[in-house]
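Novice: For reference, the chains in residue letters:
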Amino acid sequence: MESESKRKKESPNTAELAVTASFPDEVLEIVLSLLTSHRDRSSVSLVCKDWYRAERWSRTQVFIGNCYSVSPEILTRRFPNIRSVTLKGKPRFSDFNLVPPNWGADIHAWLVAFAVKYPFLEELRLKRMAVSDESLEFLASNFPNFKLLSLLSCDGFSTDGLAAIATHCKNLTELDIQENGIEDSSGSWLSCFPESFTSLEVLNFANLTSEVNTDALERLVSRCKSLKVLKVNKSISLEQLQRLLVRAPQLEELGTGSFLQDLTARPYADLESAFNNCKNIHTLSGLWEAVPLYLPALYNSCANLTFLNLSYTALQSGEFAKLVVHCPRLRRLWVLDTVEDKGLEAVGSNCPLLEELRVFPADPFDEEIIHGVTEEGFVAVSFGCRRLHYVLYFCRQMTNAAVATIVQNCPNFTHFRLCIMTPGLPDYLTNEPMDEAFGAVVKTCSKLQRLSVSGLLTDLTFEYIGKYAKNLETLSVAFAGRSDRGMQCVLEGCPKLRKLEIRDCPFGNEALLSGLEKYESMRSLWMSACNVTMNACRRLAKQMPRLNVEVMKEDGSDDSQADKVYIYRTVAGPRRDAPPSVLTL
Amino acid sequence: MELQLGLALPNHNNPSAGNGVGFKSRKDAANKRSFQEAFGNYKIRDELQMMPLLLWSGPPDEEDDDRKGQKKRNSCNNINKNEEEGEELVVGWPPIQSWRKKSLLHGQHPQQGQVGRRVSKFVKVKMEGVGIARKINLSLYNSFETLANSLIHMFATYQKSEKRGVRYTLTYQDKEGDWLIAGDVPWQTFIESVQRLEILRCGAVESRP
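Sequence order for the protein chains is A and B.
Start counting the first sequence at 1; every next residue gets the next number (my numbering).
Start counting the second sequence at 1; every next residue gets the next number (my numbering).
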């Protein structure tokens, strides 16, 4: 498909052009309907008017990375046949409490428009949006074909809204509720699925806290024969889990409940046998409060595991090492830093296929307890796992030399997110800034798409980034840099930059304004606790009408300082739903 | 005794008694300054000064008082207490999602649990002579013996330089703040009242030469 469209684009021959002009629209639409990538579709729509038209009629899925970049009216006008919508709302730093509450990104106006224009909507995937119970009830009642609801990092709703979904969505195949700030008043929502309901394929309520009716859950699991993904919450005990597994041996992804229970010999054997019977499980998560004693029940299942998420389980290095020996096919691993360097060494020794590693801190704020992982663990993994390309690593110390070794071993990094938890910490062996570490990353990893930097960094880091990171799309910076020059290097040097988020850095107006032309080619810029003034923001807003420049003021701060700035391109104009603390310039 | 944790960013504002932090946070309204003012122009290497982030000193605090009379005091203006009892020194740092923070914290405090199901109880464990403490989940154990075995394993690395035959006693602090020897009361009673543990050399307890 892609090569076909490219060929037509490049053809200079007039006769061939005449052929394309008379190419029937219906056929073109059918051909284009096979295109799934959003980027391909965007390219296709730019070829000519015919192709634009054909593309918009044949598009059924739309992805909107910033809900304010476009309006429901504009969207529904351009694409009449959408069945699947993905919307992202708040800036990513809202995950870390940096965005005021009631900031916006409310889904409701979208749903109202969809009810009219897309009554056959089937799928809705939302990330960092504000979703109310009223909206969920509206969704449940107005879209008879609705199949898939995925809510990630959303807030504003409660389990009442989920009850509405369970009650009314007769064709639901997927309910995926992840990582949300929701009011979990009761687990009775799960009992709202009618007895006649059998279509569920994915059920994820792992992050809810209240107990659900386990009988209702068992019956639901029994009658949904296509259930492939089941992730339960902490309230489900091991014995209850065993009963669920016995009813769903076809499961492919499992999130266990609490792995902490006094099990005598017989129930333990039953559990082990239930796991052994589920031969298709390739993804395992949950495992809250896992007692090492019961982990061997998993060993046989681990042989086929490709994704293991232990980020809720504080395992020590020994117990973790024993487990990981059984996971030779692992491609993605999430752990807590309680496994320490020794645990990571075991990963390096046992998981040659590993592509993604995320190490989260178990005690991020407790200064008294200093253990966790160091540069050694990371280096050990890099020696054993040469296919590693995605890393998120929280640690308390790092060296330039270690990072250089790591990227030498693994030059294919696409996502390199290193968080040295003390802000502004230098290389602990040489006391130098960590510039050379990130220099090595960008020089060696030509495919790098996403980078998060940390530690003591001068402008040199940003010079390196601007000079070498030609595929970089997302950059996160905190407590780094020396002068405006740092930010300027990035803005001038990274052609594919889409998202830039900066906090607590000495970048000021000159840096901000140097990116004038750049911001229209980016999705968004976030700058907080930097040196940017209101006047500079006003100037930017005035010169660039297709950007929204929003400033979030904090109580009692200096009027001339722009504490938090969020700038994004849009075709929808300034938004009208901002709370009083957010000024649109 | 003063213990300083160093940060590589000097604060050119003369630190008043105990105020050593230069990072801004949401609540730093009164002291709003530009980044340049806060951090100044600093040169690296030789002129790099290590400034205290936390100062350990002062009179014992009711909440976090260990037996040596040291107190951890967050002595900067920029503290922003996380609602869920975890303490951040700087808002939103380290960058961990709120729900993840909540799930970490919930795992570390005793909760109402169902009959027949345990809930986590994490307590700190210190060993005499060792600067770094550990944390242990007491709900994973059934008896003093299993607990002791696990602690021996955990602290074995710190005993490398010790002479052989040195014996240790496990002590704990109860809800009333008193320090007792572990093993005197039944396990269940112990679990309900223990707040923290400390491993002492036998000489310290019995005053033997």
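Quick caveat, the hints were computed from the structure, so don't treat them as lab data.
Heads up, a few of these hints could be off.
Claimed, not checked - Here are the simulated BS3-like pairs of lysine-lysine, each with C-alpha atoms no more than 27 Å apart in a straight line: (1) 279/A x 342/A; (2) 124/B x 322/A; (3) 127/A x 102/B; (4) 518/A x 542/A; (5) 175/B x 342/A; (6) 124/B x 102/B; (7) 170/A x 228/A; (8) 447/A x 542/A; (9) 127/A x 467/A; (10) 322/A x 175/B; (11) 101/B x 121/B; (12) 342/A x 135/B; (13) 101/B x 135/B; (14) 342/A x 124/B; (15) 470/A x 553/A; (16) 542/A x 496/A; (17) 499/A x 467/A; (18) 542/A x 127/A; (19) 342/A x 101/B; (20) 147/A x 225/A; (21) 147/A x 170/A; (22) 499/A x 443/A; (23) 553/A x 542/A; (24) 147/A x 127/A; (25) 553/A x 101/B; (26) 499/A x 101/B; (27) 443/A x 470/A; (28) 127/A x 101/B; (29) 467/A x 542/A; (30) 121/B x 102/B; (31) 117/A x 49/A; (32) 496/A x 443/A; (33) 147/A x 101/B.
Novice: Tell me the numbers of any earlier hints that the structure contravenes, in ascending order.
Specialist: 1, 5, 8, 9, 10, 15, 18, 29, 33
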